[in-house]
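Note that the protein sequences, when read in sequence, are chains A and B.
FYI, the numbering for the first sequence is 2 to 282, going by our numbering.
FYI, the numbering for the second sequence is -19 to 455, going by our numbering.
These aren't lab readings, by the way, just hints derived from the structure by calculation.
All C-beta atoms, glycine included, are put in the ideal place defined by N, C-alpha and C.
Do not rely on the hints blindly, as some may be mistaken.
As the list claims (entries may be wrong) - Computed, partial: chain A to chain B, Cβ under 8 angstroms:
| # | residue |
| --- | --- |
| 1 | ALA122 |
| 2 | LEU125 |
| 3 | GLY129 |
| 4 | GLY131 |
| 5 | LEU212 |
| 6 | ARG225 |
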Amino acid sequence: MTGPRGNPFARIRIIAREEYRRALETRWLFGFTALFAILVLGLSYFGLAQGREVGFQGFSRVTLSLMNLVLFLVPLTGLIVGVGSVAGSGEALPLLLAQPVSRREVLLGKYLGLGAALTAAQALGFGGGGVVVAFQTGSDQIAGFAALTILSVVLGWLSLATALCLASLFPDRLRALSAALLLWLGMVVLYDIAILGATAMLRGMSLQVVLVPALLLNPVDLVRVLITIAVGSGALFGPTSAVLVRFFGETGGILLAMGLLVVETVVPLFIALRVFRARDW
Amino acid sequence: MIRERGRVSALGGAALLFALAASAASPPAGATTIRVPAEPGALAEAASRAADGDSLLLASGVHRGGAVIRRRLALRGEPGAEVDGGGTGSVLRLMASGASVSDLTVRGSGPRPLTIDAGIYVQNASGVTLTRLRFEDVLYGIAAERSDSLRIEHCILRGRATPTSGIRRGRQASEGNGIHLWYCRDVVVRRTRVRRFVDGIYLSFTFRAQIEENLLWDNARYGLHTMYNQENRLLRNRFTENVAGCALMFSNHLVLEGNDFVRNRGPRTYGLLLRDCSDGRFAHNRLAENTVALFMDGSNRNQIVENLIQDNGWGVLLFSSCDDNEFSRNNFWNNDYPVALDMRRSNNRFDDGAVGNYWSENAPYDLNGDGVSDVPYSPVSAFAFLSKQFPDLALFSKSPAVTALSMAERTIPALRPSDIVDRYPLVAPEQAAPPAVAGRPPAAPTGPNRAAAAAGFGLIALFGAAGFIGAIRMR
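One chain only, chain B, in its complex shape:
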């Protein structure tokens, strides 16, 4: 093992600060940088011998065997440095406040969910910083308990779950979450990509978390799942192609702004699911191409404003347990059922008393030219009402019969099933919400080649044309 001992000059301190990014305390005078070679057991030994404030610089190559960090150390990898846990337990365990890990690849956690076998397991340590890490072949990515002010930034996590395996019986128990936090306050997760876990991010009893600009996709259950949290902020994240996008449960005072919930599709799939979440604010989000864009149950007094809700099966699916929510200035484009609910009367509002929403299937007229339609609009169709109670009826959603029914409703308002009405529907859509800045969306699934398909259809058209010409020439 090579040890470089020496006083840290002002210049060297800058390099150290890089690794210690968020820990406010400046390194003590005796701090050293220890270079750890890529040899089995070297990392564990170095970690046990280092003192508070030391830095461990991991040499390029595979460091076999995990380590337990009990002192305030800064672990940093040279390019190409990997830590491999060898398939038992957690790879790195951090039990010291102010510790940090950066620029590493972490792989090979154990398979047991009972012990939460993770890439990095943070326990009872506040102010831990995890930056530019890559996790591969781990059961859980980052797990933390009772650790406040944790910061996770610029990480890429990839787990062992496959999107369909969660559905298969018995498999889900053997798979973990990407970022799994329990009893942590003031956590920040930024610019991180998570895929192939059960839940991309799972937060329970996590207060004032800030989840920002992450890409959560291709997870076997939820992109993000919260239970019993308060005052979390979800900003500019992208939830796509998860079995369900984002499920927030028993969490009040949420702020969700600028998020994308796109293409979360499947038999039980939601873009955004709110269960017992009250007093939240949901603005400038884009919910598109989900089976159900927004599902609400037992959630009260939420403000849902200026979102784009487009091309979903159900735009808003509202249970009668919801009360006093307000939807205004949202754009509802081409949803099969813009709003479905199961109550005849409700004090959920679809306008804020002056302005309502834009509904693409509405045919509004506006004689006084104030941008608000002169007649109210009821977004709940009889069929949506019925299919809310009997979901199996969705089989008929595209049936001409249903189209005929909705035309009848428009002419005969007595057929309308619900009193819910937007009193001030907008004539033109609100300005589209600004795009989320999160990571690049995953590539579209590869289908048949576009040019080949065009050529194929062209041939079919030629075939048809030849048939016509042939008929004329037969004469």
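Chain A on its own, in the form it takes in the complex:
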């Protein structure tokens, strides 16, 4: 038996398994999954029923309302679950750190376990919703829904990485949670309001110079734009969309956007690893 002793991957796997089991055991994630599945199914079904009343199929409205749900819930869940598993987890973390495992392995294990749990929850919710959407709508909506599923999972992993970074920076549970909630509010709501305000004040400035970089910097906005384009209502974006659709509509643009999302995941994770290793827990 080789055992976990000599093999870091085996040790990471053991920690991930444990984290995964615990995440799905706690009511938080279970509640999230249930809420998610119910909302996805409900919106897919009732959202479509409403569109049919006057004889036209929705403008991919299901996907778009689900998108707002995803943009609200997924970062919130990722942040809270991630912070909760490290910061202020009582005796569990020091006990785990006392085992013959490196700190990097502990953090990576936690990350993978939580990520897998979040992915499973989303898979259940979106899978069910996707079956409903596939049966109820024209096939041109499916691509948008698939993009939503993938990007939601990506956003989940991204917010988990951010959460681990915050939890390492603020070992006090309350502080870490406050920071996470502030960050969430900032990314999801305040950032856009600030940009809207800035636009109203700047008047006439070349918006593409300001808006497009602003979109690229906030992963929540980036995901929103990608989904909107995938759904096909990118047409709504007006003249800028000509630029954006040309940009994101092609392989290079998609690669760049996904690359940015990966960078925005890896950088916080890297910081988390550095800080987590140095801290005295």
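Got chain A sorted already, so can you dock chain B onto it with the hints?
Chain B alone, transformed into the frame defined by chain A:
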């Protein structure tokens, strides 16, 4: 060449009338039917030798080389008859009043827009009738100038433009319009399908035209485009998947009823665009899934009643150059911005003094039960107002921030950007407009197979469920 000469009996006259459908004059006693074989040049020769009132019956097969019709002839094709212009100039030129062409396929016009190389070019001829024709591989389909009372019915036109090529620089100049009319009065276009031209139908200085039950789709610019027309009537047409549906410019006293403007989407795309069009009536139209359903600029005193405006990005985009328009009894369903405008005050009205419109995002209450909400509704949101001025902001249209903003507006009316208000919003939608009778809508773009997609998502759901069960069993 076979010539069948003989007096036209009462019975034969009926057959001739079929071809001469709209020309009121009965054929003169000496009219003959000439059968033209499918040989190169035969058609041109027959056309030059025939007399006024004769019929040319084109044999099945390809007639190479076009023809110029200078006398009042009736051209009719046997099933399978085709005229091929060979790629130079216009295929058929009609220069005689009362001439008619029917039951033919016309193909192979020249490539030059300067000379308007068309399938059929009608010049200075009134009362021409074109029926059951099919146009393929032509620069322009039907072009007409100074030709009154032209009738185009049951034709199918397909051009050389591709929907994206119009955007590419320099290409547009080399492509023409499906039906291109200049200085024609009392024209009728009915039951005709046009696709893959720059403009499906282009009318300029065309008065009292009646455009009825046509399908205009997949064109590189507009489905229908008019400039400087008066009193045109557009009835029960369907405009779909054009780069822009229908653009009416400098045209007054329009009547648009029962038309469908559906899925005209793109960065600069409108379902119905009105530029300097006044005193028109727009009723029972359905505008759905367009980027902008109705765009109005410099258009005054129009009546927009009982239309369905659903699932568009912008429902009505109104410029401050518009005045005194009235919107009533319309259904506004699920538009991202039902109304966007750039003026704080305006005398465009969103009710007729007794009844307003139905707004799906309104939450009306009606205590006296008269079907009209007890409180007015303002359809212009702060964000719509802002994004009208800065279209780039539409990037944030789906942002939760914008949702939060509109909720704030509902509670704090001081945040409302415009005084425009529907004083009598309807509690329930008006009866949906009757469906247009035009040609069948084009097939939806083919996506991934529905069952395969359902199976795929089912697998994802199973994967998630297995993850949960696995977690429980780990204990």
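Hint check:
1. ALA122: holds, 7 angstroms
2. LEU125: This hint holds: LEU125 of chain A lies near chain B, its Cβ roughly 3 angstroms from the closest one there, short of 8 angstroms.
3. GLY129: Where the cut-off is 8 angstroms and the nearest Cβ of chain B is about 5 angstroms from GLY129 of chain A, the hint holds.
4. GLY131: holds, 3 angstroms
5. LEU212: holds, 6 angstroms
6. ARG225: Result: holds, 6 angstroms to nearest chain B Cβ.
Going down the numbered hints, you'll see the structure goes against none, and every one checks out.
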